[in-house]
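Visitor: Counting with the numbering used here, you get residues 1400 to 1702 for the letters of the sequence shown.
Be aware that one or more of the hints could be misleading.
What the hints assert, rightly or not - Cβ pair distances, simulated, as ranges: (1) S1615 with G1688: 48 to 58 Å; (2) R1424 with S1551: 30 to 40 Å; (3) V1556 with S1619: 23 to 33 Å; (4) E1668 with V1569: 14 to 24 Å; (5) R1428 with A1464: 20 to 30 Å.
Bear in mind the hints are in silico, worked out from the structure with no lab data behind them.
Note that CB positions come from ideal geometry on N, CA and C, so glycine has one too.
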Amino acid sequence: MSTIDVTRDRKTSTATTAGRDVIYRTRGRGHGEVFRLMSPSDLGEQLKPFVFLDSFGGVMSEFAASGGMHPHSGIGTVTVFTRGDVHFDDPEAGSGYIGYGGVEWMRAGGGVWHGKELSSGKSERIHGFQLWLSLPAELELAPVDSQYVEASDMHQVGPAYVIVGTHGGVTSPVRAPAGVNYLLVTLAPGQRWDYTPPPGHTVGWLALSKGSLAGSASASNGELLIFSEDDGMIALQGGPDGAIFVLGSAIPSPHELHLGYYSVHASAEGLVTGERNIQVLKEQLFSLGNRQRASGSTPIYRG
């Protein structure tokens, strides 16, 4: 497994009142408005339980038309939108719109097929992030659990929506594993904001969707920053045009990553079981034919 050394710029001192140091930055790889910022075989190995991050943008109807049903197991997926919105329509979850501050959460666990549960919303163009979390051993083969939470049902603390975890005394409704925080933040031009992670959250990073950051953690649109491995605060300041970004912090995962094509597991045995379940689900799914709903979406297939 190839990895990227994110320690080469680390300073020997721990965090100070100025906040944690930026030790690595990248723009990932991609083209147009779709970029892979983190993969399980590179930065995900250092940032686990955060193992995958895509920044995507474009016309939602084109995404919906080109995207196909595909499987996952062993992970949780978290999808947020920084611009525009999408429509969801699922027999088990109802229907509605996910825009800025809302979230689609899916615990793939023992195996699932998805990829067409979202369709065009009220806006033509969208931008967002899809994040994968590696699940702990006790959940890597758990039953599938999915949620679509609109912004009106999410909690906001200052400039941050609490997408996953607990921050500022409030807890997200998303049923994600403990020990992980994931925030969606907007800073006005020049606005200062200090994020103090819970104890033990030595993994810390952010990815910028729009605008820029000034100060010691300066960044421009499209960059992913990784912070030093301590649980001190992260000090941030909006640039001249403000900033919209996602920020993650977590207790490091103790598990080695076991990688399949669409799956990440905490154990080799879990990966074998998850991929076997995926194959069984594939045979069942394709026997059902076209399941597209009137909205244009196709529900998640949980078996």
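Visitor: Look at each hint and say if it fits the structure.
Guide: A quick look at each hint next to the structure:
1. S1615 with G1688: 48 to 58 Å: Holds: the Cβ-Cβ distance is about 56 Å, inside 48 to 58 Å.
2. R1424 with S1551: 30 to 40 Å: Between R1424 and S1551, where Cβ atoms are some 34 Å apart, the hint holds.
3. V1556 with S1619: 23 to 33 Å: About 26 Å separates the Cβ atoms of V1556 and S1619, which means 23 to 33 Å holds.
4. E1668 with V1569: 14 to 24 Å: The hint (14 to 24 Å, Cβ to Cβ) is violated, given that E1668 and V1569 are roughly 37 Å apart.
5. R1428 with A1464: 20 to 30 Å: The hinted range 20 to 30 Å holds for R1428 and A1464, with Cβ atoms some 24 Å apart.
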